[in-house]
Each structure stands twice: as C-alpha cells, then as structure tokens.
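Novice: Chains as they are written, first to last, in this note's numbering: chain P, 1 to 121; chain Y, 1001 to 1121; chain C, 2001 to 2142; chain V, 3001 to 3142.
Please keep in mind that the hints were generated in silico from the structure rather than gathered at the bench.
It is possible that some hints are incorrect.
Some chain V residues close to chain P (C-beta under 10 angstroms, calculated; not the full set) [said to hold, decoys possible]:
| id | residue |
| --- | --- |
| 1 | SER3015 |
| 2 | ASP3038 |
| 3 | ASN3048 |
| 4 | THR3052 |
| 5 | VAL3056 |
| 6 | VAL3093 |
| 7 | ALA3095 |
| 8 | ARG3096 |
| 9 | ASN3118 |
| 10 | LEU3119 |
| 11 | SER3122 |
Glycine included, C-beta positions come from ideal geometry on N, C-alpha and C.
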Amino acid sequence: MVLDLKIDVREEKNIPIVSINGEIDIYTYPKLTETLNSIIEKGSTEIVINLENVRYIDSTGLGALADGANRVFDQGGHVSIICNKPQVKKIFDVSGLAKRNLSLFPSEREAVDNARKHLKP
Amino acid sequence: MVLDLKIDVREEKNIPIVSINGEIDIYTYPKLTETLNSIIEKGSTEIVINLENVRYIDSTGLGALADGANRVFDQGGHVSIICNKPQVKKIFDVSGLAKRNLSLFPSEREAVDNARKHLKP
Amino acid sequence: MTSKNKCIEISIPSSSEYVGVVRLAISGVASRCNFTVDEIEDLKIAVNEACTNAVVHAYNGKTGTVTVRCYPKHNELAVEVADQGAGFNVKEVLARAGKSTPSGKRPSLGLGLTFIQNLMDSTKIQSAPRKGTTIRFTKKHR
Amino acid sequence: MTSKNKCIEISIPSSSEYVGVVRLAISGVASRCNFTVDEIEDLKIAVNEACTNAVVHAYNGKTGTVTVRCYPKHNELAVEVADQGAGFNVKEVLARAGKSTPSGKRPSLGLGLTFIQNLMDSTKIQSAPRKGTTIRFTKKHR
Ligand SMILES: Nc1ncnc2c1ncn2[C@@H]1O[C@H](COP(=O)(O)OP(=O)(O)O)[C@@H](O)[C@H]1O
Ligand SMILES: Nc1ncnc2c1ncn2[C@@H]1O[C@H](COP(=O)(O)OP(=O)(O)O)[C@@H](O)[C@H]1O
C-alpha cells in the first residue's frame, strides 16, 4: 500500500542482496533492522542493499543502515548501498554517513563487484 | 505534482481527443469544463475523452463530463469516454451516468471508431 | 466519539484547493488500517464528497473550517466530517438525492451523498441551521 | 501565528504508524503551494523528523498527541509541530547535534534536528519541561 515497506533478500555469487521497496521510517525500519540482523547472524560480512525502489528514507532508516554497517564493519565487512534517487542521495549527503563502512553505488552491478572484491576467499 | 491535473487535446480523423492526467475534483474540474467548452464552441460534437491516466475523479468531475455531454447531445453529438481503471469505472456505475449521450470504452481505438461512426459527413 | 488518543484529525480552510490534501491523508490512514486498495478508494471518495459539500454549501462564499476526524477501530474505520456552516434540511435533501436535475447549469448531480451512502457501511447526518453539519460514516474491513 | 482561516492542521496520536500519514498530508499541502518536487521532499523530511521526535521523545511510552499546523504564505510555507510532552534542553541538545555517538545501540544518529536545520530556511525550537515542545520552521519558494 501507499506507506508499505517490502524487503526481498536473494544471493548472487555469495553476496546477499537486500532489495527494499517503499518508505523507510520510524514505523517500518524495524523490519529492515530485523532483516540485516538475520543476514549478519548467518555470517555474511559483505552486504549489498538496493534502495532503487525506496521512495523515502528518514533518519531512523539511515540509523538502521548505519547500525548494520557498524556491525559488519566490526567483522571486517562492508555495506554497499545502491541508490540513484537524488532525494535519497541527498539524505545520505546531509547525514555525512556515506563514509568508510558504507559506500554508495549507482547500480547493482557495481555494488556487487565491489562487494566481491572485499569478500574473503 | 501529486494533486495536479494535466489536459492535452489533439485531433485524430477530425475527432478531438482530450487526454486527462491526474485527479479531477472540486479544485481541478474547472480546467476540464473550460477545455470542453472551447472544443464545443469550435463546433465539434463527437468528443473522445481519455481517462486512462486519471487516478481519481469525484462527483464534480463527473458533473463536468455530464455537462459537456449534455451540451454536445443538444447538437446531436456524443461524448465517448475511455476508462479502464476499475475504481474510475465504479464511480460511473454508482452514478448511473454511463447512458445515452456518454459511453464508456476500454480503449482509444474503440472510442474513436465509435465517434467516427456518428460523425456527420 | 472515542478517546482523543485514537483520533487522527485534519482540518482545512473551506477552500477547494485543500480537499485533495484530505484525500491524501485519508488514504494514509486507511492504508495504516490495512484496508484493501479498493476500500481505500471508497474511503477517499466518501471523505472527498463530504468535504466538497462543506466547501461548496456550508459557508456561502465565506471561509470557514472543515474538520475530518478518523477513528480507527478493531474492525472498521469511523470518519466524521464537520463544518460550522449553514446546515441543511437532511430529510428533504435525502428524499431527492440521486435524482439529477436534467437541465441544471451547474456541474452538480446531487451525487455526493449518494456516493457516501453507497460506498460506506453506515452513514449518519446531523445538521442544524446556522450551526453546521456533521456527517459520520464507517467502513468495515472485509 | 496567522488567522485560523489559512491554517491546515493535522493531529495524530504519538504513535509511529501515523507519521507517514502526516508526510502524505504535507506533500499535498506543499504541492498546493506550488513547491518543486525537491522542495516537497525537503518539507516531508523536516515534518517527518519533527513528528518522529515527538513520537520517540515526548511522551515516555505513553500516548499523547502530535499536532502539525501549516500556514501557506505568499512566498513561503510556515510549519509548526507541537507536542505536550516532556520537553528538553534545547541549547544543550543543539550543541551536540550531528555528533553521532559511535557505539550507541539504538539506531539514532541525532540527525533529526540537523536535517530540519539543513533543509529549511529558518528553524525555531521552543521547549519547556513537562509542558512540551514546539518546533517552527519555514521553507521559502525558490
Ligand atoms: N455540509 C453541508 N452544508 C450545507 N448543505 C449541505 C452540506 N452537505 C450537503 N448539503 C446539502 O445537500 C445537498 C445534496 O448534497 P450532495 O448529494 O452532495 O449533492 P450536491 O452537493 O452535488 O448538490 C446539497 O445540494 C446541499 O443543499
Ligand atoms: N519533541 C521532543 N520532545 C522531547 N525531546 C526532544 C524532542 N525533539 C527532540 N528532542 C531531544 O533532542 C534530541 C535530538 O533530536 P534529534 O536531532 O532529532 O536526534 P534523535 O532524535 O535521533 O536523538 C533528542 O535525542 C531528544 O533528547
């Protein structure tokens, strides 16, 4: 529906890809946190998160992403974010979040390639 | 924008085709009335109105359509409406409006063909 | 109606440009109540028609306020649309509702109340001269 | 602030599920004020963050009301988000705003107020202990 959040997880070349559809806010972010936690608990440290179909993300959504990124970073991993919507990018810019352990990519191709480079053999 | 109304008029085989995009309500319907009036004043009596991209129409929007249909009917003409959205169709159904001088069609092809049949040579 | 805590309230100037704002808000409320897409559309129409009536008929060209209150309940959404305008004779109007005036110049079909009654599960109208009108309706979850 | 006539008001229970309803309403108001798509997004974010703060911080788990008032003006939109909750020490908080606590467990970055200040043209916060918080901001048309 208009305010819903849908999350899909699949794997490509051993990299979990989280595709998010909808709006991430104070109401929906727990679903994202849950998803990331279960992926991390399974041992993945390189995670790709596709935000191409995210129409809206707020500070709590960024917080959930940053939390996940911190957790995998502690284990030597990274979170790669796919994001091409100017409005969503702007949020990352204003937050100053797109640094060390969380990188933005314009397409899934590039994000997965980058993640695979970091993947321990 | 989210609540806007855009109206485009073109002609195909002497039939004016009015394409409407957006929401028709108490705020936007005057634009529709204006458009229909100017077409009718130019002498057209068979008018095709495409509502495929209308996300929302209310009783004032229906009123504007019915008014236009009444005016061309007085001159022996018809209004053919293209409408495939169930929600919009429902509005026509509940209103009991889709009768004599105002007919619904599932595609522009069929609406134009029907209008041409009625067109005086 | 119920405790203030479970009420979402929107009030707008009785001006045609803001009726669409109420539609957006109600679609949000209805979607949070897990109504289906079709039910959400029905609610948008009912609320829209009630607000449009208040904008058109309540204040005789002056600007007043139209207030929409939504009460999400276990198995339904209750909505109340209120103005403090002219009021009208409900019995008289309902008797002729749906019957279009064939030669009326204004693009009005007398359809507003018919839509509300057809699309909602229950409707109640209270109106008093110069005190205003409150229309209450409910939509049940299927 | 200005006459009631030019105010669009939305009030919701201080519950996370209704913040999205306010975003929808504000996007309608902003679109009626002829803001650009980008400006509408900025306004959605600012209003969202102010409401989220009221939902998270104002009522200590109890339910209160969050009220959003929009005042469309000639060259700007003024917005006011108010709660009657716990209040906070504005000076102290603004001094540390934007500085993230590196090991905080909760997914909060202290970004809400930073977003509002960055995206709006002016921001004013009033807060008093146990009386509540009102944050006012304006967005100008470009
Ligand atoms: N809020 C209101 N204030 C005053 N009169 C109203 C109000 N709502 C409805 N009415 C009266 O009821 C009549 C029927 O309303 P409705 O079925 O919506 O049709 P319409 O608005 O197209 O006339 C209106 O013409 C008006 O006289
Ligand atoms: N409406 C409010 N009621 C009470 N405290 C508030 C309110 N808004 C903001 N605060 C205080 O200001 C702090 C900073 O808010 P903010 O920048 O939005 O970051 P965050 O909410 O992520 O902590 C909050 O942690 C809270 O202590």
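Novice: Hints first: check each against the structure and report whether it holds.
Specialist: Here is what the structure says about each hint:
1. Against a cut-off of 10 angstroms between C-beta atoms, the interface hint on SER3015/V holds, since the closest Cβ of chain P lies about 9 angstroms away.
2. Taking 10 angstroms as the C-beta cut-off, the interface hint given for ASP3038/V holds, the closest approach to chain P being about 7 angstroms.
3. Interface hint at ASN3048/V: satisfied, since its Cβ lies 5 angstroms from the closest Cβ of chain P, which is below the 10 angstroms cut-off.
4. Proximity of THR3052/V to chain P holds as hinted, the smallest CB-CB distance being about 5 angstroms (cut-off 10 angstroms).
5. At a threshold of 10 angstroms, the smallest CB-CB gap from VAL3056/V to chain P is about 7 angstroms, leaving the interface hint in force.
6. Checking VAL3093/V against chain P: minimum C-beta separation of about 14 angstroms lies over 10 angstroms; hint violated.
7. Hint status for ALA3095/V: violated, given a least beta-carbon distance of 18 angstroms to chain P, over 10 angstroms.
8. The beta carbon of ARG3096/V comes no nearer than 15 angstroms to any beta carbon in chain P, farther than 10 angstroms, and the hint placing it at the interface is violated.
9. Because the smallest distance between the Cβ of ASN3118/V and any Cβ of chain P comes to about 5 angstroms, under 10 angstroms, the interface hint for this residue holds.
10. The beta carbon of LEU3119/V comes within 7 angstroms of a beta carbon in chain P, closer than 10 angstroms, and the hint placing it at the interface holds.
11. Hint on SER3122/V is violated. Least Cβ distance to chain P is approximately 17 angstroms, over the 10 angstroms limit.
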